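Protein chains in written order, with this note's numbering: chain A, 1 to 179; chain B, 1001 to 1101; chain C, 2001 to 2172; chain D, 3001 to 3356.
The hints are simulated quantities; they were obtained by calculation from the structure and are not laboratory data. Given the structure is predicted, the values throughout are model-derived calculations rather than measurements. All residues carry an ideal CB built from backbone N, CA and C; glycine is no exception. Watch out, some of these pointers could steer you wrong.
[As the list claims (entries may be wrong)] Chain C regions said to be covered by chain B (calculated; three or more residues, Cβ under 8 Å):
(1) 2001-2009
(2) 2012-2022
(3) 2058-2065
(4) 2089-2096
[Unchecked claim] Below, a list of computed lysine to aspartate or glutamate pairs in the DMTMM-like style, where the Cα atoms sit at most 20 Å apart:
(5) D:Lys3114 <-> D:Glu3297
(6) A:Lys40 <-> D:Glu3048
(7) D:Lys3035 <-> D:Asp3060
(8) A:Lys4 <-> A:Glu14
(9) A:Lys30 <-> D:Asp3042
(10) A:Lys91 <-> A:Glu124
(11) A:Lys91 <-> A:Glu61
(12) D:Lys3187 <-> C:Glu2131
(13) A:Lys155 <-> A:Asp57
(14) A:Lys40 <-> D:Glu3033
(15) C:Lys2164 <-> B:Asp1094
(16) A:Lys139 <-> A:Glu84
(17) A:Lys30 <-> D:Glu3033
(18) A:Lys139 <-> A:Asp100
(19) A:Lys30 <-> D:Glu3048
(20) A:Lys155 <-> A:Asp58
(21) D:Lys3187 <-> C:Glu2100
(22) A:Lys155 <-> A:Glu61
(23) C:Lys2164 <-> D:Asp3326
(24) A:Lys139 <-> A:Asp67
(25) D:Lys3149 <-> D:Asp3229
(26) A:Lys139 <-> A:Glu70
(27) A:Lys40 <-> A:Glu126
Single-letter residue listing:
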Amino acid sequence: MKFKAWLKTITFYEILVGMAATMRHLLRYKPITLQYPHEKRTLPDSYRGMLALLRYDDGTEKCVGCDLCEAACPSRVIRVVSSEVPGEPTKRYASEYYMDMTRCLFCGMCVEACPVDALGMTREYEWAVYDKRNLLLNKQQLLAIGDRSYPVREKRLEFQHPNVAFFNVAFKNLPAKGT
Amino acid sequence: MAVPVSYYVILSAIVFITGIVGVLIRRNIIIILLSIELMLNATNINFVAFSNYFHNVAGQVFVFFALTVAAAEVAVGLAIIIALYRSKSSINVDEFQLMKW
Amino acid sequence: MAQLFFFYLAGIIVLTSILVVALRNPVYSALSLLIMFFHVAGLYVTLHAEFVAAVQIIVYAGAILVLYLFVVMLLNLHREDRYHAQFPLATLLGVTILTEVILLMLQRGDSGAPVATPVIAPPTPAIGNTEAIGEVLYSTYVFPFEVASLILLVAMIGAIVLAKQDLFEQKG
Amino acid sequence: MAELALRMAFSLAQITVVMGVIMLTIMVLTLAERKVLGWMQDRMGPMEVGPYGILQPVADGLKLFFKEDIVPAGANRFLFSLAPILALVAALIGFAVVPFGPDTTIELFGIQFKPFIISDINIGILYILAFTSIGAYGVILGGWASNSKYSLLGGLRSAAQVISYELNVGLAIVGVLLLAGSLSLVKITQAQAGWFWNWYVFAPPFPQLLAFVVYVISAVAETNRVPFDLPEAESELVAGFFTEYSGMRFAFFFIAEYANMILVSCIAAALFLGGWNAPYPGTALARMGFVQFAWVENVVWFAAKVYFFLFLFFWLRATLPRLRYDQLMRFGWKVMLPIALGNILVTAIAAYLFPR
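The following block holds chain A by itself, in its conformation from the complex (with noise of 0.2 Å):
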């Protein structure tokens, strides 16, 4: 045993199996390489890119200012200021509505938090910038991403069946029965 350690050793064995596995893949040669700006990736369905703010069917914002994004954010991203809808005392809108992409990590809790799924994700992720600060997106930009990634809209929710309007908030987080 020895022996055959010691001959392994001086005919560099090792190392010329080493060698015979690059050998072998340099002749069968198959890249796993994608030339990404020319081709990519499919995406996985569930991919969480960038996010967006989302439009009903009619053109009217859904968010309603609620913060609850903000506080759901674990990277302090999102900062909303809402304020009253004019001349309706009890509606509310984002009259700002800023998310510093910088910090985002894309957990997508934001989304699970919006009580009227005003927000989404998009799968965009080409979002290299040469400016930093380009990447503090605003409402009008957050609409933009969110109207040419979502062409199709939702209905208003008081146009939606009557049980759903009436429970109006994210019926599908409720808590399961029984718990």
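Take the given structure of chain A and dock chains B, C and D to it, following the hints.
Relative to chain A, chains B, C and D alone:
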């Protein structure tokens, strides 16, 4: 148009004297060793010049012995320098007075 | 032509050897010594000692001077402030030896003519420089050669013993 | 005087051609290395510039040429500029004695010229060894003059490594010199004519296989290539001695490294693998009657051997991880050196017992 051998002797004398002056006036041990290399080279020039002059390769053989001595000197000398630098953190010759009474 | 080469090489040798002594930065000193070694090698080539020239560059420039630079950088030395105070002694010694040499040269009245007939007949031109040196080194000078190898061995061991701090310390 | 001028003009032309070929080879090598590495690692290598990325070296060269040339604060400006030049000169000067083709003479204007050998000096090997050892200066001075601790460490490592392995290179060559009885590369190559078992790797009386292995390993170490690329270990020392270099000075170091690779490959081909000799006696072209074109075959064989070694460099780089520094030194001094010395001993005895 051959070069007279006396030119080589004068050249090596000048280099040798430069080496002596270097040994005497410098404080840095490394420069002193470099000056000693200068002196050894001066003798080598002489050896080779005379070997050419007398058509006898024995002079060039002696250059090898000088080279051997130079290499040995460098190895030991630099080892001593490192040892001295460890104990004194200086290589100024004025500071090594331990053996002075 | 030969004299032209000689004066160029000799001039550079003298200049760089003075620079070795005069420059205050040890790295610059070592570099001018490097230039000097190259020109000495060139001088050897003009003297038909190609083998010695190559060995000069390999040993002096390739090994010895690299070791010097190595130590200079290892110790991270800075430039020296002033020279030693032995200027008068150095001047005296230098001038004395220089005048001695020049006097000797003048006394002989040597101008290149052979003083004595060459003792040993010139080797046959068919043998190259390297072979001739090898023949002499391994026949006439075998004993000095062995002694030289012994010197190198002793120097190697000595250098290791000196430079390695904890060689003789007991472990544990 | 006219003859001297003619000879100088011819030598100058030779030098220009050789430099051009070497620069071209270096350009090819920069691409080939990345391509081969990529293929061995299931990647593609550069693909962007030109079809299949073949114009990448041009793009690299342009980029390095126009890049800003930065001298770091506190650097020694003179030595910082000198170091890359020293490295490049030391790398390129060795090609003067390499025989690229057969030892034929052509007659031009009544003077004999050797077209494939710039100069055939009788200490050729020693000349190359002398100037490769000068290459360490570029590295060590570049490391020191940058005023950066990574550069300094890289330079010191490199100096120690180059000196250690230069010894092994020299000792590995001695076996061949014993058999050939000459220091001239042309004579050594001529002595290996005939069938391929006359090459000194396989040559009777004692094949220099051990010396060949020692030479190849030491040459890889001496040119600072993987797996012995400690002077420029990216993960430890940023980039070693040329961390602080940019632009053309960086390019000089880069070219010097590749030129060194080509040089050691040329020496290995000339000393161990028969240089320009084909593995069979004579040349096929000469047998078919094209005697005046036989040199083409010789040059092609030489180039093939050199390119085999260059490919070996890439192959090793794709396969092996980097050694640790103390492992490298131990390997050099405790394994390679005794093998080389033993090889010299056995070869000397064999050459004495069976004189050729």
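**Asked** Hint numbers the structure violates, sorted upward?
**Response** As far as the earlier hints go, 10, 14, 15, 21 are violated by this structure, in ascending order.
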